[in-house]
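**Q** Listed below, chain by chain, are the residues.
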Amino acid sequence: MYKIAKENLPDLYEAIAETNTLYIPVKKAGQTNFEQWTRSAEVDIKTLKTVKSPKDAFFPQSENLYTCGKEGKKITITLEALTDESFVVFGMKACDVRGVEVLDKVFLAEPVDTFYAARREHGIIVAMACNEPELSCFCKVFGIDCTEPSGADVITWLIGDELFWRPVTEKGEMLTDSVKRLLSDGDDAAVEAKREEISKIVSKIPNMRLSLDGWGRDDKLERFNSPLWEDLYKPCIACGTCTFVCPTCQCYDIKDYDTGHGVQRYRCWDSCMYSDFTLMAHGNNRTSQMQRFRQRFMHKLVYFPTNNDGMYSCVGCGRCVNKCPQNLNIVKVIKAFKKEGV
Amino acid sequence: MQRIGVFVCHCGSNIAATVDVKKVTETALMEPGVVHAEDYQYMCSEAGQAKIAAAIAEKNLTGIVVCSCSPRMHETTFRTCAERAGINPYMVEIANIREHCSWIHKDVEEATKKAVILMRAAVAKVNLNTPLKPGESRVTKRALVIGGGIAGIQTALDIADAGYEVDIVEKTPSIGGRMSQLDKTFPTLDCSACILTPKMVEAAAHDKINIYTYSEVEQVSGFVGDFTVDIRKKARSVDMNKCTGCGLCQEKCPSKKTPSEFNRGLNTRTAIYTPFAQAIPNVPVIDREACIKFKTGKCGLCSKVCAAGAIDYEQKDEIITRKYGAIVVATGFDVIKLDKYDEYAYSQSRDVITSLELERIMNAAGPTKGHLQRLSDGREPKNIVFVQCVGSRCADERGKSYCSKICCMYTAKHAMLIRDKYPDVNVTVFYIDVRTPGKNFDEFYRRAVEEYGVNYIKGQVGKVCPEPDGSLTVYASDLLDNKQLRMSADMVVLAAAIEPSASVRQIATMLTASIDTNNFLTEAHPKLRPVESPTAGVFLSGVCQGPKDIPETVAQAGAAAVKAIGLLAKDKLMTNPCTAKADELMCNGCSQCANVCPYGAISYETRLVMGPGVRENRRVAVVNNALCQGCGACTVTCPSGAMDLQGFSNRQIIAEVDAICR
Amino acid sequence: MQELINRTKELLADGTVARVLGWRRGDLPTNPEPAYFNDGESLSEFVYNGFCGANLSKYMIEASELDGRTLVFLKPCDTYSFNQLLKENRVDREKAYIIGVGCKGKISEASLNAIGIKNVIDVKGAELTDACDTLTIETLTGNTTCAYRDAMLERCHVCRGKEYVVYDELIGDSADTVDGDRFDEVRKIEAMSPEERFAFFKAELSKCIRCNACRNVCPACSCRKCVFDSTKFDSAQKANSDSFEEKMFHIIRAFHVAGRCTDCGECSRVCPQGIPLHLLNRKFIKDINTLYGDFCAGESAEGATPLTSFTFGDAEPGTV
Amino acid sequence: MPMNDNAEFRPKIVAFCCNWCSYAGADLAGSSRLTYPADVKIIKVPCSCRVNPMFILRAFEKGADGVIMCGCHPGDCHYSTGNYYARRRMTLLFSMLDYIGVEHGRTRVEWVSAAEGVKFSATMNEFVEKIKSLGKNVRLGDLRCRS
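Chains as they are written, first to last, in the numbering used here: chain A, 7 to 348; chain B, 7 to 668; chain C, 41 to 360; chain D, 488 to 634.
Chain A with its partners taken away, still in its complex shape:
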């Protein structure tokens, strides 16, 4: 266990950035999101939830796959280079790290998504325990311990005026070595006390006790056919806010863009809430907003766990709870089914 005084954090960022690209929560025009660190960036590690999840670091909202060029009548194809330099994502919360594990199930399964795999290989996750979990959080429901994020390379705790730092993987050790000159030895007891403190807050949050009875692997058709969906989806305006702030939503579209000097084939996040999602020549396979709405929750709470050994593709970060324009969210869906006893 190491630690560093908060006032020295800029030096730490600087040191990390010397050998890595550093992504860190940055406040811009009033909102905090993970962005590439620069000296002039306004780092904000105090805000619990960035608006977008940090999944961009591994699975960017838009990324070029390859570029077609033309010389005379000859066409050339240039593949986009894979990430080959290490980068650090600093300040991911336990839920966000689990989010990446969910993405792993999708992108690292055969056929492996090489763009994603390269980023996972070169990415170093420096996670941070949640200091003040919020009312909208329900990570515990999915077995996530926000006091000690798992799956990261380094875990940190912000305690008083110090940041405690514990490397947990080989990658984490290497990163730690590279910045060791800035770190001093830390005390496990302080961390344990902090964890205790956080746990107390967690215990006060009602949604942390949400029951997932009836979800998961077993229930499919009955839930699918429930008349409740017809009522639940009604306020949905079919925007993509929930999917775009979500740390686990993994759907993307592939499109071409003519730059005038080559055509880029790129992929970008897509949302199952959109009417043109998976649009095919024959039309859509889901034709109503109810179906699209149902798909999102059935996928997260039924299909995904069914296909992935019970792992839900919701991590309880609560971003969608905060951001839905019309106040719909996955918690309300879970509660509605609980109430109806379906």
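I should point out that these hints are in silico values taken from the structure, not numbers from a laboratory. C-beta: ideal position from N, C-alpha, C; glycine also. Watch out, some of these pointers could steer you wrong.
Straight line, CA to CA, 16 Å or less: simulated EDC-like cross-link-like pairs of lysine to aspartate or glutamate [unchecked claim]: (1) A:Lys341 - C:Glu85; (2) B:Lys29 - B:Glu44; (3) A:Lys345 - C:Glu85; (4) C:Lys158 - A:Glu140.
Quick partial rundown of chain A residues pointing at chain D, CB under 10 Å, derived from the structure [unchecked claim]: (5) Asn70; (6) Tyr263; (7) Asp264; (8) Thr265; (9) Gly266; (10) His267; (11) Gln270; (12) Tyr272.
Using the hints provided, position chains B, C and D relative to the given structure of chain A.
**A** For chains B, C and D alone, kept in the frame of chain A given last:
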């Protein structure tokens, strides 16, 4: 995927001297869709066109780009060539590398680079071109003329003489219009009635002309070649078939107090009346608001005296629905109301009159039997003051901003006639400018001044004051001598501005013909299409389009007739295929596009819309291809892009933009 | 609120309306959601208070397709949106039974967060029958109070007024909430240098995640197929790779609703990144008012809009 | 952002011209041999009211440095009212571009009749100069299109 042929013209040295045509040709072959490219001395020549035709045949071309002079020169040439060779003419685009390139640039490299880009943009467009077919619509061989004044009569006669049926709709009981109210006409001093009446008779007698007097257009639907019009024939209360026009009823009618419209209210008429002696048809109408029988149920004198038994108190309005191929608007004008011009004391003194009232006074059939006299006391005036531009060329909102055009000349006419008949009467004319552009106009005006001694004073009349002795004091300024004048007059004549007849607004709305801020109907083009309305199939005749005198009116009436005849002579109309088209799957039915369509070409229908996952009845925009002229205003108003313009589609224009910015 | 429920029950019972479009209690006091109620029983979940900011008029497009009349609760500002939709034939007046509900300004969790109040478990003082001047708030970490207006949405600070432009009946009082001029922010930006303006909008618009919440919530953006989703323009865009697409999207969106936008403020309310999108719409409104005479979209359900009309003496482009 | 090496900078300029007046005006400029820089490329549209603000933004997206729209003089529109609508649209659009910080003068509207070859040429010369003084368009383009 298109198979495009690119043809680069040298235009002798016009293009080839500045543009490396070989380079343009070679580069063209690299463009997507291009399967053939060649250059030639003169593409527009027989030989050049033969090359295009040959390439179409050999290479199975589906689209053509010609890099040459402006499409305004030879687009039609190449389209026709393509059509003869078997591909749709609208698959041809021109890259203008002469006017827009070789003629304005000197540097060969630079000009060549630009020519390549213009070629590329044209290729990008053709890649998205689709074959377009002009639509066809039928033509009903009958014309409607709205308004039975000299403009309407002349138009009707000309159309009828060409062998087409014409209906005239006139809202008053007789045709004849304003001209029938005039005494003499300038600059020849012809008797107005003498030249008008034969025309009226001719129209009435013409076997192709059908006149609906005392009638109004109630509703118009349809479009060029195929209008459907409802005409309301107001109840005349006299059976037109039985009436012999003997006039006895009018003699006996006890209700005699209604101001005569024809005589501008200077005298009265009976409740059953014909507006004037030469009225056509010579069948009276009963003014139901004035008629004692209609008001009290008693009387019925006219019915009793009518030997023909033509009086029919039970008659009802009749709606006649007819189809027309062309509509000519000839609704004419009126004199503006002078209630806002208190300074001229028009409402206060009966001796302050308008020029049109003076026409009636001077007319032998008028209220004073043609004797010039003051309406207040019947005395013959000794001093008459004419005031020009009353409400014309007016800066404030009381009047009109435009020049009424006819006042200068008719005032000269009045002054001359008065001085001729009553040499001892002093005539003074206050004017801002005297405008006499027209054949023999200035000569006419000069005669008034020089031979007849009319006193013209450049200046404005500030006030006319009725005096207790019955005279009028005129306060005016003399701008040339720069002094204020005060003179006594017995009669003041106001050259009041003319304005389009009040009914024109409603008619314009029914016809979706546009109207300007002064309520004059707008012509399709002020210079090149002055007698056509922007709405296809609607033509303009006479003052409804703008102030004009009788010969101009007659000339325009003839022109409008020719335009109408040109339309009626066709069996079918070919419509411009570059029209707007709504994608009903995307259309919201919000009506915004219809708001900006100058032609009323967009309507809304509730219809079954079917598409992937869609099957519903809803309101969608429908473009009438016969009306749409392809301006594209609707396409930009449509936020979703549901409305697109064929031949200039959103994707086509964007492709051109992309090609240029590449 | 009870008055609303009682009246609603009557209208459902006597068959005047087939259903009700209102707000349903959320799992937290701060998150009521728009909802349909089909019978008197379900109205037990009905709620109307300061947190019911959603403009329900756009839902009436769908409701107009249903059988029977739908009772809808519209706040004064919402009625303008409804009227505008009426003008564009998107809603059916015959299918709507409009109860104009009183409004004392709308508040939101985001506004509370902005003044440092988080984790709100309970709120008192936001009912329509309350004075709505102070909020008493219970949070996860303790109790607190704040001035009602400090939690209010931006749009309420520049509220257009208490009038309803279309309704069948009215229930509840409204309060004056205005304490600013709605064009002040626009003026502030106009006064900046071009570089500052560019920096300001670049920072704001580059936050956009193209979630389309602003578009989808907007009552004026009611196209069946948005031009940015369609293939008809080659303009379909989902990428988020650099700042231009956001600019294109937001400028065109603002342009498409120019003369139709009622300034209901929903776009700014729902933006997950807190982009002040109303600043674009208001710029157009301000320009229209200045150049073509005061115009208020939605005030009338008839007549042309500023972009579908003109005068001969209009200003020339680039001169203003 | 003015560049120092203006001599090197050749702007990309898109000119939308209505078929009836301005395109003919451009033709007249050509037949009168009134030169203007080759940087200007003309796209023919039936009427200025066909020009969608999307087209203008699209041009900037794809790398244009200036966009000019020409139409018949107000009152002379072949379709009688098209340019009046176009005028309002462009007034608002240009004002918005100015508002978001795009340099004033990158867009322009000019009414050019079929008889005004001289005006067409003068306008284009002037516009190219203006765009050269403004330098490359960096505030509206799509980064992917920058070569």
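**Q** Give a verdict on every hint.
**A** Going down the list of hints, with the structure as the test:
1. Using a Cα cut-off of 16 Å, the hinted pair Lys341 of chain A and Glu85 of chain C holds, with the two alpha carbons roughly 14 Å apart.
2. In summary, the hint linking Lys29 of chain B to Glu44 of chain B is supported, as the alpha carbons are separated by about 11 Å, within the 16 Å threshold.
3. The hinted pair formed by Lys345 of chain A and Glu85 of chain C meets the criterion: a straight-line CA distance of about 13 Å does not exceed 16 Å.
4. With a CA separation close to 8 Å, the supplied pair Lys158 of chain C and Glu140 of chain A stays within the 16 Å bound.
5. At about 8 Å, the closest approach between the beta carbon of Asn70 of chain A and any beta carbon in chain D falls short of 10 Å, and the interface hint on this residue holds.
6. Because the smallest distance between the Cβ of Tyr263 of chain A and any Cβ of chain D comes to about 6 Å, under 10 Å, the interface hint for this residue holds.
7. For Asp264 of chain A, the interface hint holds, the least distance from its beta-carbon to any beta-carbon of chain D being 8 Å, beneath 10 Å.
8. A hinted interface residue such as Thr265 of chain A counts as satisfied when its beta carbon comes closer than 10 Å to some beta carbon of chain D; here the least separation is about 5 Å, so the hint holds.
9. Here the hint on Gly266 of chain A is kept, as its CB sits about 5 Å from the closest CB of chain D, short of 10 Å.
10. Because the beta carbon of His267 of chain A sits about 5 Å from the nearest beta carbon in chain D, less than 10 Å, this interface hint is met.
11. Against a cut-off of 10 Å between C-beta atoms, the interface hint on Gln270 of chain A holds, since the closest Cβ of chain D lies about 6 Å away.
12. Hint on Tyr272 of chain A holds. Least Cβ distance to chain D is approximately 9 Å, under the 10 Å limit.
Violated hints for the displayed structure: none, as all numbered hints are satisfied.
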